[in-house]
Amino acid sequence: TKRAFGFQDFFPMQEMAHHIKGLKIMSMKEFLETQGLQGKLRSVETGKVVYPPGNITSYDGNNDGISSTLNPYLREVGFGPDGWSSTECMASFPAKKGDDATLTNMFEKISKEEGGFPSFDQYVGHPTSVRASTEERWKENNAARPNLCLYNQELQSKYLLHFAGKKGMSAGRLLVHSYAFLFFEDWKHDVWMKRFVRDHVRYNNEIQCAAARIVQAIRQYIVKKEAAKHKSVTTMAPTAINAPFDAFHVRRGDFQYKRTRVEADEMYDMCKDEIPEGSVLYMATDEVRNKSFFQPLANHYDMLYLDNFTHLIEGMDPNYFGMLDQLVASRSRTFFGCWFSTFTGYINRLRGYDSDLHKLPGFAHGILNSYYYAIRDKKDRMQEYWPISGAFYAREFPTAWRNIDHGIQELYDEQHPSIKAQG
Numbered sequence: 005t006k007r008a009f010g011f012q013d014f015f016p017m018q019e020m021a022h023h024i025k026g027l028k029i030m031s032m033k034e035f036l037e038t039q040g041l042q043g044k045l046r047s048v049e050t051g052k053v054v055y056p057p058g059n060i061t062s063y064d065g066n067n068d069g070i071s072s073t074l075n076p077y078l079r080e081v082g083f084g085p086d087g088w089s090s091t092e093c094m095a096s097f098p099a100k101k102g103d104d105a106t107l108t109n110m111f112e113k114i115s116k117e118e119g120g121f122p123s124f125d126q127y128v129g130h131p132t133s134v135r136a137s138t139e140e141r142w143k144e145n146n147a148a149r150p151n152l153c154l155y156n157q158e159l160q161s162k163y164l165l166h167f168a169g170k171k172g173m174s175a176g177r178l179l180v181h182s183y184a185f186l187f188f189e190d191w192k193h194d195v196w197m198k199r200f201v202r203d204h205v206r207y208n209n210e211i212q213c214a215a216a217r218i219v220q221a222i223r224q225y226i227v228k229k230e231a232a233k234h235k236s237v238t239t240m241a242p243t244a245i246n247a248p249f250d251a252f253h254v255r256r257g258d259f260q261y262k263r264t265r266v267e268a269d270e271m272y273d274m275c276k277d278e279i280p281e282g283s284v285l286y287m288a289t290d291e292v293r294n295k296s297f298f299q300p301l302a303n304h305y306d307m308l309y310l311d312n313f314t315h316l317i318e319g320m321d322p323n324y325f326g327m328l329d330q331l332v333a334s335r336s337r338t339f340f341g342c343w344f345s346t347f348t349g350y351i352n353r354l355r356g357y358d359s360d361l362h363k364l365p366g367f368a369h370g371i372l373n374s375y376y377y378a379i380r381d382k383k384d385r386m387q388e389y390w391p392i393s394g395a396f397y398a399r400e401f402p403t404a405w406r407n408i409d410h411g412i413q414e415l416y417d418e419q420h421p422s423i424k425a426q427g
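If you use my numbering, the sequence shown corresponds to residues 5 to 427, in order.
Below, computed lysine-lysine pairings styled on DSS-like, alpha-carbon distance capped at 30 Å:
1. Lys228 to Lys295
2. Lys143 to Lys171
3. Lys100 to Lys116
4. Lys276 to Lys382
5. Lys192 to Lys101
6. Lys52 to Lys171
7. Lys100 to Lys44
8. Lys170 to Lys44
9. Lys276 to Lys383
10. Lys116 to Lys101
11. Lys28 to Lys52
12. Lys162 to Lys33
13. Lys276 to Lys363
14. Lys162 to Lys28
15. Lys171 to Lys28
16. Lys171 to Lys44
17. Lys113 to Lys192
Simulated restraints, written as ranges between beta carbons of each label pair:
18. Leu165 to Ser71: 13 to 23 Å
19. Pro122 to Leu165: 28 to 38 Å
20. Val53 to Asn75: 15 to 25 Å
21. Gly51 to Gly129: 52 to 62 Å
22. His369 to Ala148: 17 to 27 Å
23. Ser422 to Ala148: 43 to 53 Å
24. Lys113 to Val53: 42 to 52 Å
25. Ser71 to Glu281: 48 to 58 Å
Keep in mind the hints are simulated off the structure, nothing from the lab.
For every residue, glycine included, the Cβ atom is placed at its ideal position computed from N, Cα and C.
The whole structure should be built from the sequences, with the hints applied where relevant.
This is how it looks when you write it as structure tokens:
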């Protein structure tokens, strides 16, 4: 089993760069070789060229070297935008290069209005159009953050921007959904960014295809089960394309949020009205050694786990298994997840993309057929539109997927004016 992993092991990084004009992705080694060793990096404080310490460019597996040598070097030569914290501001991007005034003046105007930015609760059940004015979109999405973090002319002029990823430092840890932190003056830029994340920041083909095999196997299992039940009445049985299964994500292990550690009989009590008795239930969980824990659910449902399908993923690195669970669970009819879990959150975001694509019931408000088994008063949160609010990481929000395909024609017309004129 591989010990050290990078983003390229899970996401199609080079494919992403290939499809997006102007985007170049490089490894740290390549960055240090082409920028550091070539004398292109300068001290933020003195302006003098600073070479990589010891001319070392490879730190793979060298955690001590990364923390003691590489990170301080990057902080020395990279400019960290001061105060860019997801709890204090939104990273705000002007529609045009060189225009610092529009967003600055707008933020001041809204802040000086009586009450300032509106409370999030006035948007519950009442989403703002993705095509709304900059001011109206900002009012909904600001989520009580007091400051403005503007990608201004100064930042645009910097050779290297560096986010330290360390709490307490300027441009520190950005533990937040991209759409909850980035704000664009132009609504077309906003939905483009969300489409980019949907279409390109995805698990690699090996993971996607393995998950598809498991989903197909689950549906084939249901078809055979229903065919045996109906015997000769085959018209009543589902097909392998539409055979419905339901899913849970149960987070246990070392999860820090103790309020979510509920017993399986409580889980059944939460889901019994939404998941029909006898349904096939796929369980995505880190509780793999003690399946007896789930017996109260198994008394009512036909339970399946990832290890029921190991024959379909022979030779796959076990580090991918959690991602398989996410993809499989995302294809379920009804889903129950864990509040505070980003693992559950991503499953719901995938379900949101699918709902918006296929215009499933509730899609106009970003509503999903998803629930939370814990905490009780959060159970139905996905049944109503909620704006970005609270602890952002606790859940995903509909603004990530709702109506994000709007604006595609406008962008095409802007880039191909002659074709539009001919049409």
